[in-house]
Each structure stands twice: as C-alpha cells, then as structure tokens.
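A.B. asks: Letter by letter, the chains look like this.
2 protein chains.
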Amino acid sequence: MENKKISINDIAKHLNIAKSTVSLIINGKADERRISKELQAKVLDYVREVRFYPHHLAQSLATGRSSSIGLIVEDISDSFFGPIALMIENLAKTKGYRIMYSSTLGDTNTAIEIINFFRRSHLDGYIIAPAKGIENIVKEMVDEHTPIVLFDRDPVDGVDFVGTNNREAMTEACMHLYDRGFRNIGFVTLESAQSQMQDRLLGYKETMEKLAIDPKVAYISFECKKAMKQQLIKDFLESNPELDAIIFATNYLCLAGLAAINELNTSTKMNFGIVSFDDHEAFNLISPAITAIRQPLEELSSNIISLLLKQIERPIRDNPSHVVIPSVMKERGSSERKT
Amino acid sequence: MENKKISINDIAKHLNIAKSTVSLIINGKADERRISKELQAKVLDYVREVRFYPHHLAQSLATGRSSSIGLIVEDISDSFFGPIALMIENLAKTKGYRIMYSSTLGDTNTAIEIINFFRRSHLDGYIIAPAKGIENIVKEMVDEHTPIVLFDRDPVDGVDFVGTNNREAMTEACMHLYDRGFRNIGFVTLESAQSQMQDRLLGYKETMEKLAIDPKVAYISFECKKAMKQQLIKDFLESNPELDAIIFATNYLCLAGLAAINELNTSTKMNFGIVSFDDHEAFNLISPAITAIRQPLEELSSNIISLLLKQIERPIRDNPSHVVIPSVMKERGSSERKT
DNA sequence: CTGAAAGCGCTTACAG
DNA sequence: CTGAAAGCGCTTACAG
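Order-wise, the sequence lines are chains S and C. Counting with the working numbering, you get residues 1 to 339 for the letters of the first sequence. Counting with the working numbering, you get residues 1 to 339 for the letters of the second sequence.
Worth flagging that the hints you see were computed from the coordinates, not collected in a lab. There's no promise every hint is true.
Identical copies go unnamed one by one, so any copy, or any two together, can satisfy a pair.
Keeping only pairs whose Cα atoms sit at most 25 Å apart, straight-line, the calculated PhoX-like set for lysine-lysine is [what the hints assert, rightly or not]:
1) LYS29 with LYS19
2) LYS225 with LYS93
3) LYS226 with LYS216
4) LYS29 with LYS93
5) LYS234 with LYS310
6) LYS42 with LYS330
7) LYS19 with LYS95
8) LYS205 with LYS13
9) LYS13 with LYS93
10) LYS95 with LYS330
11) LYS37 with LYS95
12) LYS338 with LYS13
13) LYS139 with LYS5
14) LYS216 with LYS338
15) LYS5 with LYS42
16) LYS205 with LYS139
17) LYS139 with LYS338
18) LYS132 with LYS93
19) LYS210 with LYS5
20) LYS330 with LYS139
21) LYS95 with LYS13
22) LYS234 with LYS19
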C-alpha cells in the first residue's frame, strides 16, 4: 500500500535536490560530473532504503534504448528452438539485454503481426527464424537500420545470417549409409519451401544421382498431426518395400517414422538403416539407437547473439555476415553396416 | 533513412491539428468525442500512408499499462515448460498481451534478479514457476497489488496457484504397478525441496507403507549432468537387485534411467515395471513403451492465463484461487502385468 | 466538435 | 559542483 511506486521525483523532493542530480548519481555518472561523495552516498543510501528501481520504460523512452531483444521462432517448444532460445537468453542476459519472444508456428501472417507488434516497442534488435513471405518486412527493418539477425533458414540479401551446412551434412549422411552397404535409401521430408529443407532435399537428390540410386521422397505437411504424419510415412514405406534405409529431414519426422516402422512387420524393420537430421534426447534409448546429424546449438546461439550485439553497438552496417557452422554426424546403431 | 521514426506530433503538424485529436482518432475514441467523420478518415488515411504505429513504450508510460506479461520458468527448453509457454503465449496474444520470458534454471538468485529486472518494466502481470526462496519477493509484489499467478510448485499463501495432484497421481501409479503384480517398487526422484517433488515422494512413501513394501528411493541432484544421473541410477539399480519396478519422478529422470537400464544385463531388465511422471514424445517409441502420468498441459495453461487476466482486469483481489487439475495415467507396455 | 496543457518517469544538454 | 528546462511519444482531463 505505502509502497506506491516511488519515482526519481519523490527522491529528489525528499532529499531537497534536483532530480537530474539523482539521475546522474544512480547512473554512475556522478564522478565525471564531480558530485560530492557525500551527496552520492546520501542518495544511494536512500535509494536502497526505499528500494527504488528506475522505471525501465521511462528510461527507454528518454534514451531511445530498450535493452530488449525480440526473438521470433517457429515454435518455442520445439527441441531445436527451445534450447537455442535458452542459450540466447543466457548470453543476452550477461550483456544486460532481456528477451521478448514469440512463436509464429510457421504462419506468414502471424509472423508479420508479431514483428509489427514488436516493432511498436522499438526493441534494440531482432533475432528471427523467418517464416516464408517476410522478406519485405525484414528489408523494411533493415532500411530503418534496425539491428537484425536471421537464422536457420531463408537468408535475405544484405542481412546477417547464421545457419548450418544442410546440403553438405545431408550428403555426408547419404554417403555414410552407402558406405555401410545400404543401396535403397529413401528420404522423408517436410513439404516446405524453407531453404534449410530445400538444401537437405538437394543434398539427398544430388548424392543419389551421383550414386545412381533411384531417389524416393515422401513429402509430409508440417501442419498435419503426428498420427497423420505417422500414417503417411507408413504408406510411403509400404509402397516402397525395396527401401533398406531412410533419412529423415527432421527429428520429429524421425520420431513419427519410428512409430510407423514399429507398426510394420518385424522382418521389414530388421536391419533398416536410419539417419535423422537433428539429434533428439531419446535417440540414444531407442534400439537400435538412432544415428543423427547434430546441429551445433551452442555455436549457432553464440554467433547469433554476437552478430546482433555488434550491430546494436556499432550501427554503421558493414558487410553482412553469412555464418555457416557445420553439423556433425553422431553415429549410432541405426546405421551400422548392413549384414 | 527517410523512414526516421514518425510520431504523433509529426502527424498532427502535417495535418495542422492537435496531437490529442490524432491520439483520440487512432485509439477509436473519436466517435464518443464526436470528431467529424471527415477528420477521422483524413487522419487514418495519413496514418496508414506513412505506416505510423504508436510507440508502445510511450503509450505504456502514459497509461500505466504495458500489455506485457512476464513468464518465469525453470527452463524454457524443457518438455514441460516449453509447451506451457507456447500455449500461454498464444492465449495471451488473443487478449492483446505479449510475453516476456526468462529461465531461472532453478537458481534462487537468478530468479530474484529476473523478477527485479522485470519489475522495473512495470509489467501488467507475472506468471511464475517459483524457484526456492522467492516467497518474500512474491509477497512484496502481492502487497503492491501486482497481478501474479504461481504454477507447478510451491504455492504461496494468498497467491493464485495452478498445479496438478502430484500426490494422488503418484499413489495411482503405485497401485497400478502393484495391481499388475509388481512387489518391489523403487522410486527415482530429484533431490529437491520443491513441493511438487515432495508431494510425489510422499505419495510413493505413503502407498508403500500401506502396501507394506519397503520403500527404496534414489535422490538425484538436478544440477548433475545427464551422464552422471544415468550413473547414479545404475548404481541404485545394482545395489537394489530385488527391485522389479521403478517409478521416475520426472520424464528426464526416466530417460536417464532407461539408458541406465540398457546398460544392465538383459535378464535384469526383462519384465521390469516402469512408470514415469510426465509424458514424453518418445515414450511411445521405446520398447516396451513407457507408461506415464500426463499432466493436462492445455488446462494448466488456460487456467493460469485466465486467473492472471482476471486479476489484471479486476485488481480488487478476492480470495486467491488454488486450482488443482488432475493428471491422468497413460498405460503402455512398460507396466504390463508381471508374468 | 477541437485544442492547449499537464503529466507519465526518466535523461541530457545547457547554464551558472 | 548543482539545478532548471526541454524532451522522449504518448494519453487524458479540462476548457471552450
């Protein structure tokens, strides 16, 4: 009750000094303005006594800096974006920035709404895993000199980007299976125009061509429910009985695929080669354990945040960075030599 | 470049009217103030033309409402908090609120820092899965009439709370295993004073006593790495060879435990009863599939947000709510009748 | 029907 | 060494 929002004015009044003086002292600019140590101590003591914290919004409005970063991902509960969000938050926190986040669920309109909503807060910077169709709004922001880093997919010309080597990693996965004796390698991917998915597809197709293997691809819609995904993959497997290995373009497709494989008769699934793009905490527990292409989440996160902070601190935009951090394959039982 | 931050002032100047008029029109209060339709149209057209969006911070400062909610969880990348965060965000969005989130990683000091950081922004409300030792700061906020809802653990007297029936659900899990012939049921839990963990432990101990079964409990530290957790569980199993079933107090403990069990010799793990508190997307894929106690994430989320919005909209605090939403057990292969 | 003024809680030249 | 003033971009009584 009595704790009714104290302000810098109240403090100034109580201490009989100007509020500018209070502001300077609180912000550690007292020495450079040569304010007496006694006054400083007096103010700081009182500030502590009444537990005064400057109002962030007012500070932001006055300084033009919000100390907040907008993080826009596809799905915060996803096993790729969740950990990245956590790491980015922790890194940002050490530099005094907080995170405002939002999930687009891959929808263009949602993404645009979120971005515009965030822009009204004049955040200091944006980290975005872009949904399709937001190139224009991103360019608008760049034109306004808003610090912005894209990641994971769909780089935009002239904008900092951080991602992994999807195509090469997929090539490696294909060769890995081939080297271990698998000759009929299928690919289960999302029906998606996003660049990271296209690159994975491309890596697969190229390599199949090089190996003179007939490519077999299942395209699954992102929107359909898990049970539906599972059914579609099952259909795919049943109509392509010659397949002896499958590469999944994402870990949740792999999970759905494993459920599908479990439904098939045992003979089919014996000695079936499997590789997943993106690791998963449960891949080690399934038998056989699932071989996975792991994205280096920590390095992705640290590159993202450091590029953004560089832009925030030095708004003179130099050449945009395009950082590619290679994924590494973690071999497990599911891709052991075909016997 | 030319897009340099237009303001309500610029608009007023350009149109030769007062900025208060612009403000009223933008906020849809033009009719009630009987501003001519022509003026309204003129202003709105111009606003659209120059793509003007009111500065959120300035609005907040003037109105005292930030339209933002602080969400403080233990770990945003966790399979419990991630989905809850997503659902809360989506529900909040429909009411015009955005989310600022942060992860405490269970650390008291981190939690207090985060809360104080957020408080400086004078957010409209807070949703918190409390870390230990933040009761005082929570009470402080309540005294200041800050809308706040706690969830998942450690309710505080006089503060709205949403959680599940940990104790009863654990009792159910114990009885479930007992009914299926398991007679030596162990319990693997976190070394944690959090109420939800204590309640699960209590449910286990009580039921064991009732069943005249000797309780066997492993306490694992939250901080230790996954490999370490796995090792500790393995030790526990080896030193208690009579166990024929295990209940895990969280899903990630279960994942670590499954890895531990995999390392044991095959005879031990055959016909071993397993139940996990909290479901996991991979539990269906492991064989046998893992029986789990599922928390109703959607209902938890919707209750949390609606309690908070009620507080925000009607700051006259009435009796605090304490909502308990029962979990339901999903039976799978890992708890089939012992043969 | 519309405008001038005060205020939200800060910061930052500027002046002395 | 310290204070008075203007301003950040809004909203909201108040006045006419």
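A.B. asks: Now look at each hint and say whether the structure bears it out.
C.D. replies: Hint by hint, here is what the structure shows:
1. LYS29 with LYS19: within (14 Å within a copy, 35 Å between copies)
2. LYS225 with LYS93: between (36 Å within a copy, 23 Å between copies)
3. LYS226 with LYS216: Answer is within: at 21 Å inside a copy they meet the 25 Å cutoff, but 37 Å across does not.
4. LYS29 with LYS93: For LYS29 and LYS93, only the intra-copy Cα distance (23 Å) is at most 25 Å; the inter-copy one is 40 Å.
5. LYS234 with LYS310: neither (48 Å within a copy, 47 Å between copies)
6. LYS42 with LYS330: Classified as neither: same-chain Cα gap 60 Å, cross-chain 62 Å, threshold 25 Å.
7. LYS19 with LYS95: neither (28 Å within a copy, 37 Å between copies)
8. LYS205 with LYS13: Neither. Shortest intra-copy (73 Å) and inter-copy (60 Å) distances fail the 25 Å Cα cut-off.
9. LYS13 with LYS93: neither (34 Å within a copy, 40 Å between copies)
10. LYS95 with LYS330: neither (33 Å within a copy, 44 Å between copies)
11. LYS37 with LYS95: For LYS37 and LYS95, the Cα distance exceeds 25 Å both inside one copy (28 Å) and across copies (49 Å).
12. LYS338 with LYS13: neither (82 Å within a copy, 76 Å between copies)
13. LYS139 with LYS5: between (41 Å within a copy, 16 Å between copies)
14. LYS216 with LYS338: within (19 Å within a copy, 43 Å between copies)
15. LYS5 with LYS42: Close inside one copy (20 Å), not across copies (40 Å); limit 25 Å.
16. LYS205 with LYS139: neither (32 Å within a copy, 60 Å between copies)
17. LYS139 with LYS338: The answer is neither: 50 Å in one copy and 63 Å across copies each exceed 25 Å.
18. LYS132 with LYS93: between (29 Å within a copy, 21 Å between copies)
19. LYS210 with LYS5: neither (70 Å within a copy, 54 Å between copies)
20. LYS330 with LYS139: The answer is neither: 37 Å in one copy and 48 Å across copies each exceed 25 Å.
21. LYS95 with LYS13: neither (33 Å within a copy, 39 Å between copies)
22. LYS234 with LYS19: neither (71 Å within a copy, 63 Å between copies)
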